[in-house]
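Let chain A serve as the given structure and place chain B on it in line with the hints.
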Amino acid sequence: MSSVDAAATGDALPSDVDIVARLRARDEAMFATLIDRWSPGMLRAARAFVSDEHAAQDVVQETWLGVVRGIDGFQARASLRTWVYRILINRAKTRGVRDARVVPVSSLVTADEDLGPTVDPERFRGPDDPHPGHWRVHPAAWPSPEDGAVARETRRRLTAALAELPARQRIVVTLRDVEGYTGEEVCELLNLTAANQRVLLHRGRAALRAALETYLTSGALA
Amino acid sequence: MNCDEFVELVTAYLEGALDEATAQRFVAHLAECGGCDRYLDQMQRTIGELGHLTAESLTPEARDRLLSVFRDWNG
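Keeping their order, the protein sequence lines are chains A and B. 760 is the number of the first residue of the first sequence in my numbering; add one for each residue after it. 2 is the number of the first residue of the second sequence in my numbering; add one for each residue after it.
If you're looking for bench data, these hints aren't it; they were derived computationally from the structure. Just so it is clear, the structure is predicted and the values come from calculations on it, not from any experiment.
Partial list, derived from the structure: chain B residues whose beta carbon lies under 7 Å from chain A: (1) Cys4; (2) Ile48; (3) Trp74.
These stretches of chain A come out as covered by chain B in the derived footprint (C-beta under 8 Å, 3 or more residues): (4) 898-906; (5) 956-969.
Glycine residues also receive a C-beta, built at the ideal position from the N, C-alpha and C atoms.
If we strip away everything but chain A, and leave its shape as in the complex, we get (with noise of 0.2 Å):
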């Protein structure tokens, strides 16, 4: 369970035993609060498979239908929070096909945008020079995210930069990085190998280090 879902939405949730145990006995309350609690980082996964909002919504909702339909039959082989997420990837890839923004499994796989270095070349000494492969200048400082209006830009972008990442990147971001969703989860959802979820993490990783690093040393700041 994520540290960063915790912390923005207060109390632990029950142990799964007693969510699964409440949820078979009907209890409204309990499904309220389980909606209430993992919707929102349901919705931003089904966005990196979906094309809109609009389809987020349905998936998410799917999902908990299927949840509903399902508990009684829940055996407990992963945790309740991968077994609903693998009810979500599944309606999501669905949707993803009905919609053309299709992510197929088999494109979980290393392909050529998952080759090659993560900063531009240009900015590490050439092969003739006395420190071959260092920096030619330092990345230069960031802005302290004190400024309100900053910060707030910064998520903007953040945002669209990982909504323009490639599809494989953008799932492994968004389910790591902003779920908090561990590596191993993550791997088992995705049925990825710990080199290519790394690989994926990490080249995602940069391209949005390189995002904010253009906004925040533009000199619009300044």
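Chain B in isolation, oriented as in the chain A frame:
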């Protein structure tokens, strides 16, 4: 270690996935290179910002509908 190698190992380092010898070279480089120290810091700041992105919510209509389905559901 060179800077262009360092920047590609940041996530593996943060995940604890580097072998011992590479991890030691990574840390040794970090100790002597201000540029890479800053790069690592900016990657961590990026990751931190991702954890603070504003969450969207289910529409109230969708929430009501789900609760109503749950209420009427007899398995």
